[in-house]
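Enquirer: Full structure from sequences and hints, please.
What follows is the residue order along each chain.
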Amino acid sequence: MLIDFFLHLKAKKLPVSTREFLTLLEAIKERVAGHSIDDFYFLARTCLVKDETHYDKFDQAFGEYFKGVTQVPGLEADIPEEWLKMMMKKHLTPEEKAKLEKLGWDKLMEEFKKRLAEQKERHAGGSKWIGTGGSSPFGHGGYHPEGIRIGGESAGNRTAIKVWENREYRNLDDTVELGTRNIKIALRRLRRFAREGAEDELDMDGTIAGTARNAGWLDIKMRPERHNKVKVLLFLDIGGSMDDHIKVCEELFSAAKSEFKHLEYFYFHNCIYDYVWKDNRRRHGERFPLWDVMHKYGEDYKVVVVGDATMSPYEILQPGGSVEYSNEEAGAVWLQRMLDTWPRAVWLNPEPERLWDYRHSIDIIRTIFGTRMYPLTLAGLERAMRELNK
Amino acid sequence: MRFEGTDSYVATPDLMLAVNAAITLQRPLLIKGEPGTGKTMLAEEVAGALGVPLLQWHIKSTTKAQQGLYEYDAVSRLRDSQLGDEKVKDISNYIVKGVLWQAFEQGKPSVILIDEVDKADIEFPNDLLRELDRMEFHVYETRQTVRAAVRPIVIITSNNEKELPDAFLRRCFFHYIKFPDKDTMGRIVDVHFPNLKKDLLREAMEVFFELREIPGMKKKPSTSELIDWLKLLVAEDIPPEALRSKDKKTVVPPLAGALLKNEQDVHLFERLVFMAKHNR
Numbered sequence: 002m003l004i005d006f007f008l009h010l011k012a013k014k015l016p017v018s019t020r021e022f023l024t025l026l027e028a029i030k031e032r033v034a035g036h037s038i039d040d041f042y043f044l045a046r047t048c049l050v051k052d053e054t055h056y057d058k059f060d061q062a063f064g065e066y067f068k069g070v071t072q073v074p075g076l077e078a079d080i081p082e083e084w085l086k087m088m089m090k091k092h093l094t095p096e097e098k099a100k101l102e103k104l105g106w107d108k109l110m111e112e113f114k115k116r117l118a119e120q121k122e123r124h125a126g127g128s129k130w131i132g133t134g135g136s137s138p139f140g141h142g143g144y145h146p147e148g149i150r151i152g153g154e155s156a157g158n159r160t161a162i163k164v165w166e167n168r169e170y171r172n173l174d175d176t177v178e179l180g181t182r183n184i185k186i187a188l189r190r191l192r193r194f195a196r197e198g199a200e201d202e203l204d205m206d207g208t209i210a211g212t213a214r215n216a217g218w219l220d221i222k223m224r225p226e227r228h229n230k231v232k233v234l235l236f237l238d239i240g241g242s243m244d245d246h247i248k249v250c251e252e253l254f255s256a257a258k259s260e261f262k263h264l265e266y267f268y269f270h271n272c273i274y275d276y277v278w279k280d281n282r283r284r285h286g287e288r289f290p291l292w293d294v295m296h297k298y299g300e301d302y303k304v305v306v307v308g309d310a311t312m313s314p315y316e317i318l319q320p321g322g323s324v325e326y327s328n329e330e331a332g333a334v335w336l337q338r339m340l341d342t343w344p345r346a347v348w349l350n351p352e353p354e355r356l357w358d359y360r361h362s363i364d365i366i367r368t369i370f371g372t373r374m375y376p377l378t379l380a381g382l383e384r385a386m387r388e389l390n391k
Numbered sequence: 047m048r049f050e051g052t053d054s055y056v057a058t059p060d061l062m063l064a065v066n067a068a069i070t071l072q073r074p075l076l077i078k079g080e081p082g083t084g085k086t087m088l089a090e091e092v093a094g095a096l097g098v099p100l101l102q103w104h105i106k107s108t109t110k111a112q113q114g115l116y117e118y119d120a121v122s123r124l125r126d127s128q129l130g131d132e133k134v135k136d137i138s139n140y141i142v143k144g145v146l147w148q149a150f151e152q153g154k155p156s157v158i159l160i161d162e163v164d165k166a167d168i169e170f171p172n173d174l175l176r177e178l179d180r181m182e183f184h185v186y187e188t189r190q191t192v193r194a195a196v197r198p199i200v201i202i203t204s205n206n207e208k209e210l211p212d213a214f215l216r217r218c219f220f221h222y223i224k225f226p227d228k229d230t231m232g233r234i235v236d237v238h239f240p241n242l243k244k245d246l247l248r249e250a251m252e253v254f255f256e257l258r259e260i261p262g263m264k265k266k267p268s269t270s271e272l273i274d275w276l277k278l279l280v281a282e283d284i285p286p287e288a289l290r291s292k293d294k295k296t297v298v299p300p301l302a303g304a305l306l307k308n309e310q311d312v313h314l315f316e317r318l319v320f321m322a323k324h325n326r
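Going line by line, the protein sequences match chains U and P. Counting from 1 along the first sequence, just add 1 to a position and that's the residue number in my numbering. Counting from 1 along the second sequence, just add 46 to a position and that's the residue number in my numbering.
Certain hints may be false.
[Stated by the list, open to error] Listed next, the in silico PhoX-like pairs over lysine-lysine satisfying Cα-Cα at most 25 Å (straight line):
id, chain 1, residue 1, chain 2, residue 2
1, U, 262, P, 165
2, U, 232, P, 165
3, U, 262, U, 248
4, U, 58, P, 208
5, P, 228, P, 266
In short, the hints are calculated from the structure, not lab data.
Expert: Spelled out as structure tokens, the structure:
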């Protein structure tokens, strides 16, 4: 029966493998978990999901699947009586147990089933169900009428169904949140180590080989230490429609700054033309001609442009299209020139990906960049870094 | 063998289940989570609770998978050979046993902690696949095969700095320790400070969770920072009233340095306090 569950997860695009599924079955056979659906939820998660960014997807898929199962009419009535007895024994205090013995199991079971039948939908807090101090024969345990849990106090309000229905792991889904640390991790993909420069590390293998060749006379070999050798040029769109995205750009910027040794950054407005600048307050006084920048930084630099690419198409396609001054050559020409100088380039766009199709200017820039435009989310960053690393 | 948490470590039911699954099925358990949520401590507590020895292997960026198995100390051998030492004739004198080897030859259950596996080179986990799967490896220098008589419990922690290869993940159980909610946090504090005054704890927790909510915080305070802070509060004998001041955020909590470890955060916080004072 769990094969359906497995296929359901697979259909929901969770990266589950047969091996992990077999592990889950083995764990069930070995009775690692109890019989409640909470335990099963945790067990299935620990076996099948290997990355917290998939927790949310798993919660949704699990909820969907088991809602289907628990909606089957009559399922509640199938709970074996022995099991119910056992569960209740486990969760009741001796006094309550004594009281219950007086009532007799049969009567209690009947009562219990009646309540199951009464309850149509999930109900978290009614006094009838979570009785305290004897108002309900089912003691202090909470009860999920989906035929799921007759829980003790340890469950409290943190039962699994709450976890998967609240989707507590939503924040970790890599299509949503961006924090500095997360960005750092994404950027780290780009870090590459290479040996270059002074010899300052003992090359053990080389020394041994060299010594052996010298018939035992020590021949010490050195080699250069590894360095983070990635060089990055960051171009940031600033002002205008970018104001909405300041926070996320700041985070990206601070993360990038601490991650790369060779990082240069420049600002531009809307589209890149003849000039860029480094200090936004003195943008008109201290400008850097883009020609100089192109000559200064070689083609081993990787270029990351961050901008929403949202503007009038004229600003890209027409000479004199800039909103700030009359530019002799069109933005498109400059962008192409940049790509010729630095073939490894990506454009990161803080606007949501689904809006891209509706903005003509985004489409133009995307075409110029050869579709190397990525959303400024963790997943987008990952894709961008992978592209840059190729 | 079952792990049920210990007197000094609060394990949530899902964490316990993951640990027990790993113990029963004898597979490695991979633990991730925010810094300061007790990932490394888990291994110590599991070993303590089960009464078995703990072998720790802390990974650095230069660590090689081979070092966990054994190392051939070529330099000593070379030196000995140049000094004409008799030892040099037997190569096994220069084989240094690694953590996995030590665990394999215990002959009884043990816990191996592979701490911060993501620090190592990207190929590191792949190099350990077979060793962790079969719990055996071959020593080329002495032509012997080391095999674990009793499979040790392997706990691996990761800080998510690198992605781990799929083949490796498929062989592990996985658990993500999420940041404790208020109830769990209360139990954690109880474990560390059994005699803490109730009202002080309540006030402190409120301050703590409010601090975590501040947007734009560079490093949110974690469990271990809360514990440190409480330690200081208790040591300084700070009354709960000092934390209270209910007209929100008008005062910097005493000894806040234990919670905020980043000067930008401190600055941000002070600015918020200042703004709140002036009702802007």
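Enquirer: All hints, please: hold or fail.
Expert: Hints, one by one, checked against the model:
1. U/262 to P/165: 19 Å, holds
2. U/232 to P/165: Satisfied, since the Cα-Cα distance of roughly 22 Å is no more than 25 Å.
3. U/262 to U/248: 23 Å, holds
4. U/58 to P/208: 21 Å, holds
5. P/228 to P/266: Roughly 16 Å between the alpha carbons, so the hint for residue 228 of chain P and residue 266 of chain P holds.
Hint compliance for this structure: every hint is met.
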